[in-house]
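Engineer: Below are the chains, spelled out letter by letter.
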Amino acid sequence: MKLQTTQQRWHRSLGMAWVGLVLFGALGASSAGADRWYVHYDRAQEAIAAEDWSGAIEQINESLARRGDSGARVRSYGMNLVDYFPYLDLGVAYYHLGQFDAAIQAFETEERMAAISTVPSALERLESYRQDALDRRDQLATELRTRSQELVQEELATARRLEAEGRLQEAMAALDRTLALEGENQEAQTMLARLRSELLEADAHRARQQAHASLLAEAESALSSGDAGLAAARLRKALELEENESTRALLEQAQATIRNEVEAAERTVRIDSALNAARRLAGGRDLEGALERLELVFAVDPENRTALDLREQWVEQQASDRARRERNDRLAEAEAALAAGRPEEALTSANLLLAARSGDALILDLVRRAYAVLSRQLLRPGGTLPPAIRFADLRVARDDMPPAQVVDRSSFRLTGVVIDRSEVRVEADVEGIPVQVQQTSQNVGDDVITEFSVASRLGAGETGFRIRATADSGLSSSSEYRVVYSVPWHRSPVWRLAIFSGVMGLVLAGLGYRTLMRRRRRRRRFNPYTAGVPIFDPDLFFGREPIVRRVLQSIHNNSLLLHGERRIGKTSLLHQIRARLDGLDDPEFAFYTSYVDLQGVEESWFFATLGSTLRDSLEPALGASVDPPAAPLDQEYDHHHLQTDLRRWIRALESLDSRQVKVVLLIDEVDELNHYHPRVNQRLRSLFMKRFSERLAAVVAGVNIRRHWEREGSPWYNFFEEISVDPIALEDALQLVTVPLAGMFRIQAGVAERIAEISQCKPYLVQKLCLALVNRLHDQGRDIVTLEDVEAVKARVDGP
Amino acid sequence: MRSSYVVGQWVRRERFYGRRQLLQTLLEPKASSVTWLAGLRRVGKTSVLRQIEHLAFSGSTDLVPLYWDLEGTDDAAGLGEGLLDALYDAEDELLRIGVALEDLDADDPWTGLEELVRQLGAHGRRLLLLWDEAEALAGLPPTVRRQLAASLARFEGAVVIATSGPRLRSGASLHGSLAELTASRVETHYLGNLESNEATSLACQDQIPDSSRPVLETEDVAEIVARSGAHPYLIQMLAKRTVELGNVEAAWIDLHADRSIEYFHRINFDLLSEAQQSVLRKIAEGASFDAASLSSTLSFLEAVGTTRRAHDGRYEIANESFAEWLRSLRSWDAGHDTMNPR
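Residue numbers (our numbering), protein chains in the order written: chain S, 995 to 1794; chain Y, 2 to 343.
Just chain Y, same shape as in the assembly (with noise of 0.2 Å):
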């Protein structure tokens, strides 16, 4: 039978699982919002954009969405690169709404995004900017960066999503970007894990019909949602190697000698800061520190979905193939090659 999970791959629709309480809150903003949402690697951002894509596409609300991909734009040609992709990408949703690419008749691509602007002012409707991998602005020329400030300001009703990590390599946030590049107040929303029943769904795949979900026992699946911690990429492949195998355990096992885990879990690591970082491997290690000093750090480290609370209130890390992974640092620290911690 195939396998319905997606493990490196942006997924909407039917594969698209939970943060439906995110999605609500993104798809009726205020008048001219900005959204910074923030989150960790594979833990779904470009998704969610492509979600609300989907749902501004075929839905009820007068937004029009452009999906944008910054990765990799450090100029102003690679910006507008970017902005011709992606008004070729939305080119038959556009025509639908009523606007064929070729009148949007300029000499440059801002110039056409202004007119795109006002064509959909034209009908009534409104532009959704989805900017994935929007730590790229940060790293924009000053000039570039004031020139999309001027568009941006010329976008009235315009909305706008951006994604990123939660730090950019100078160790700021991109909050501060956005808001100098919008002028906006800007919201901040962490992507984290999902919650329990959404992340059980997503285990189950029971979005899709009966025929094409793989076969789990409830207990599979229990074990399955309990081990990642609920983060849509290790459930799913987790589930997939589980499908795959027969066996929770032989899957996790299997999974670990896969060395994307590792890498996944040192590119988020290495996402957060120093002080971030040191109150993750306390937790892993189970040692002791001052919580109420670092109730703003621990707040965000659950938000982002690298914690989360026990029972009984202890801080915890939310899946276990992290926690092992930070506690197999002390060994990296005493001096020995740890590159596989397992």
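Next comes chain S alone, as it looks inside the complex (with noise of 0.2 Å):
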């Protein structure tokens, strides 16, 4: 292609720009024709011919659109020339289709436009149509007040119907309307203001009376289920809603039951305290300490009937103890009586000691060989006697009155022979009355010796017994014998009324006491709780008896291990062991303990750690008389020092007590020998190789001494009996809950076993949990730890 020069290039592009131009001009021109005022202004005009105030309204617009200006005699298309007021004809549309405003704001537009006073019939027209439209707004006005009234009294009375009938959310609908028709009517805007706080107060009262009837079923299905403390906190939160007699009167029992039980656990301890010690004290013969221990039961539950069982087994015991002592001594005069030929002397002994052991050989023995000294002295030879009456002759002397046994219980038994060469038959009464008897017989020599018994139960004061024997023969004798029921002072009942009152008063007054030190506690936060520290309360723990126990009989022969997960509490079993040992009144040892904690000590330091430890522990025993250390307790003490002194110091401890001397190394964290060189280990088993090694015991603790080390030359091999320390068992974690919160908290119903199950008795959780149930009452001033408190804690404790 050939190029172009520039100046052809211009020209070029002019030409087409000329060419569009045109073209555009003519597109334009057309379009235009067809969208001009007048054509839109002429289809209103139709439009309005036609009726069709709408579309009148439509076309106006658009013609307003394209010319908004009215005139007289404006040109339209050729030559034609038109009135063009359009908002004259735009007022005219409106006024047909009832828009009077619309209407009369067009014809004042109109006006305003000036254009239309030139044209005198338009004007006319104007004013014409603007005046219809006024008196006819007027009227469209006056007819919608009226119904506007009418409606609005309608809805009023429709309110109150509604009100009437309590349909107060359909009442205020009603007058809605009424305010929508008229804002300023006082009479609604004061009833719906009522209305309104009326239904505030009716679903108020609604949802109290729904909350009251809850809490009610509650506490009554909590009542029934014995958790009292449930029920009492759910009746004050009803009472607090509505006052009402019967769930004031529900509270009021569900505390009653709330106090019976704290108080009931609470006696059981103490009681169970007591008898424990009265049941160790008489498994040691104390048995008169055991009875005033017993004392204590029964200041607080006269009734118990355990420890009555105890007593009563106690005082048959001492009674039993008492009469066999009494039983030796008689015998011995009863022999040496009729020895010398006294067996009235003699039978007065044996009677004495066969009332109380009626069946026993020798007496009875030495009874018979009595009668027979006797009834020879009384049957003489050729002479026919009737039968002789002998009564187990317990009866003393009294001032002109015949003599008369004295006793201190109401059943009484009357025994005794009869001597006679016959059988006899014995009768009896009391005061008159027969009575049964019970006889045996049998021959003694020439004699026939018959044993009666007489049992019956007294009254207060003397009663006369009448025996009567009748021998074969026919001959009979009788004999009287009294006896006096005195009554103990401590079974009369002004004693028990004091002893009761005493008791209540004591009861009171430890309540009180009680209180205060709950109050006092309160006041200081006290909390008995620890977690993270080892026990050393005897008191705080719980349920390592077994192990203590076993560790105690098998200390002075074997060493130990304890082992256990982490925070099962070997620490504080170790600690527990030490105060044991320390306080252990041995007949036969002597335990000096040293406690030594491996954790964070190196291996270089180890034995001077060891050393030291027992130098420490060993001192206050050796006072000056202990040898100083074998070398300085630094880095450079090893083994052959630590024997040295071991050695020096156990033969200073046996000079010191002629017991066997047993020094018991506690050492725990004993898992840091894992880390040390087995030659440390080969080391410190050597000192139990030694021969004083006799006088070394170790309780050792730990998660896992390096068992791996299975090699036959392993220090640890089977060296150590051990001993898993486990969680605790249900009731001791049970215990460990409810002992420390004695006195001070209240317990609902199911806490301490919640506990026990989230801690799976592992007595450090225990602990935890209890510490922090213990700030959380104390931080809300609350006395009583329920299972939402628990759950709440349970979070804490268990950490993110």
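Honestly, the hints are just simulated from the structure, not real lab data.
Just so you know, nobody snuck in bad clues.
No more than 25 Å apart at the CA atoms, straight line, and that leaves these computed lysine to aspartate or glutamate pairs for DMTMM-like:
no.	chain 1	residue 1	chain 2	residue 2
1	S	K1684	Y	D109
2	S	K1684	Y	E116
3	S	K1684	Y	E72
4	S	K1684	S	E1630
5	S	K1684	Y	D104
6	S	K1684	Y	D93
7	S	K1684	Y	D76
8	S	K1788	S	D1726
9	S	K1684	S	D1591
10	S	K1684	Y	E94
11	S	K1684	Y	E103
12	S	K1756	Y	D255
13	S	K1684	Y	D75
14	S	K1684	Y	E92
15	S	K1684	Y	E15
16	S	K1762	S	E1539
17	S	K1762	S	D1777
18	S	K1684	Y	E82
19	S	K1684	Y	D63
20	S	K1684	Y	E115
The structure displayed is predicted, hence computed values, not measured ones.
Join these two chains into a complex; the hints should help.
Structural biologist: Structure (structure tokens):
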């Protein structure tokens, strides 16, 4: 293609533009002609003529969009002239549509345009329409007002009726409609305000009633299932909602149940403790001490069956012991009397003995021999005598009165014998009333000895027994025996009342004291629990008695390893064992304990640590006689030095005590040995191979001393008796929860069990939960631990 | 009541039961004799040495015992340390004889030991070396062994009793090392289970006063002895638990929940050779084997107390616990984890 010059290009583009303009102008002209104002105005006129008022409005608006000013004799198309009064036509259209305000506004706009004033006919038309529009508007307004007032009254009446029927919401809806019609209607406003507050009050009341019913139902359910604490909490809330006599009565009932439960629990703990103490004393043959201890039980629970049974058993035992001693003394007396030819005296002693030990063979033999002698004295040859009655005679002489036996029990048995040459029939009466007699006979030489026994329940005061014996010969004799029953002072009603009053006084004083102590403890936010530190207080140490006992039974002969998971209580156990050994008053062994914690002890300091701990532990016993260590207690102090020191210290201890010396090393965190060189372990073990190791034992605690040292030369191979430290028993976990809290807080039923469940009976976790619970109660100023509390602290204790 | 049983520590005097024949033999040795006392773990080797020591010091023999623990000794320094420990441990007894450690004026313990032997000789006494855990000797460097041998050669009239397991790690026995060290004929004694009456005595603890003895029914004592196979360690463990729990069966079950027993069996099993282990397993499982060709193995196993002969002459595992453990190895072999066979 041939290149064009610049000029030629310029010309070409100019020509193209000119053609475009022409074409564009032609196009624009044709479209503009089709959309002129007068076109739409014509259409509007057609619509007005056809009474298509909406269509007229639309076309007028289109026309106004193209030409907004009115005018008389305005050129439209060609040579046509028209009167262009679009606002007049708009107003007419609105008039006919009943939109009188719009029509009036249109008319006023047209008038302001001023062009219409030059066309009188148009002006007249405008004014006429405008007047009509005004009239019609006013009329409409009046009709509307009237209708509105009617509606208002109707709605007000409806609202009143609905209010009377209690249909407040509907009444309020009617009032809303009233105010929509007449916003300033005072009656409607006043009524609406009143209904709103009534509705609000009704809703609140309904909510309170529902809540009250729900709480009451929960409380009743809790009471029937024995959860008085929960019931009381619910009832108190219910009362806050609505004061109600029956609800208050239920609350008092729940509170009474709670008090009884707490007191019963506390009483049970005190009673169990006293009973155990009493049993221990009785086991040690201190019956008097045991009986004294039982009085503590009676002070709290006078009718305690266990204590009453134990008392009866021990009193009998005391009596039995006394009787045994007396028996031996009296037997000797009786034999002496018989040997001296005084059978009556011998019988007196023997009868006293038989009163307590009726079947004793030795005594019976003595009696027989005595009766034989006596009968020979009584029954002279050739004579015939009536039966001779002899009582087991415990009567005492009285001034001017027949002798009588004084007893302090109402049940009484009179025994004796009748001596005759034949069998006799024995009859008895008590104050003239015949009673049954038990009798047995046996031949003793030429005589027949008949033993008789009469049982009776005595009334207070004096009772007379009469015994009549009739022999085969027909001869008979009778004899009287008087008994005085003196009711012991401690069984008299007056004393019982005094005891009861005293006990009640003590109980009330105790309760008052307990309340005072409880308040004091709460003021200073006392928390009996700890978590993370060893338990030194034996009262807070639960569930490990079997292990402690096993250690104490073995420690004189064996070394022991306590193994268990972390935080299971091994350290606390070591400390308790130490305390028990230190406090042991053993007749055979003198224990000297030394506790060392290997946590953080470097290998190079191991023997120095042992040495210094042992020296510090033994120094109080050895005092000034303790030898200084074989070497300075630093990293240079080795197992040789320790052996030397141990040998000397043990020798010194042996010189102080005649008992067998036993130095007990309590080593905590013994797993640290796993990190030491095997040589260190061997050297430690070599201590126990020395002769002085007969005076040495170890109780070590750890998670798992390295058991894979299973070669035959392993220092710890089967050296220890191993004891597993596991979670404590459920009953011990429950005690750990309840005992420290007793006297300070009450515990809802199920709380202790839930804590035991969460903690899996691991003492550390129990302590941690209880620590958090007590703090929570102090923070909230409450005195009862609930299940909600437990769940709340559980989350905190579990941590993220 | 305190338990009188001892399950970890060595014992002597009234707490040492049985082995009368052995003790008598060892305390009346020929001149310059060397005895190797071999046995599995926990059978009482250390206690035998300590009892010999006690009897020698308290009796009329001319032997002066020196208990020397060789555990962990693997060099000259360790050997010297152990010797010093032994001398200090026996200090009081030596002093009673008239030998003071301060008088052993020497620059090194070997010289001191030789001086001790000379001083004992001057008092008409002989040294009785009681080497415990003597396996260590076989592991000493040759130079140390030579030095030791040279010293021993100068101990005129000294007697040596050495204890160890029946087999060294190398598989050999200590017998050869001892013979080499002492340049003497070594007499071997295997320490096995107690005799029946000795075992009963141990279970009843009849060497201590009545008031301190455990309360056990006669049939329980017999049951304990039977189940433990008269092994002194097992007797004491089982008897102790029986006293605690009141019932042999309950004690047996509790004992086997104790991992110590499992380790005890495994350690002893590992001390045996493969051939010995194989025979034991066959006996435990009731499998057949040619007893005639295995007579020395069977004799050894019986001597160390792992097997015994039933009334009908049949070989059986000496104690029920070990038998069950051996049988459990079959599951182990099958790929199951039976760290605790029970």
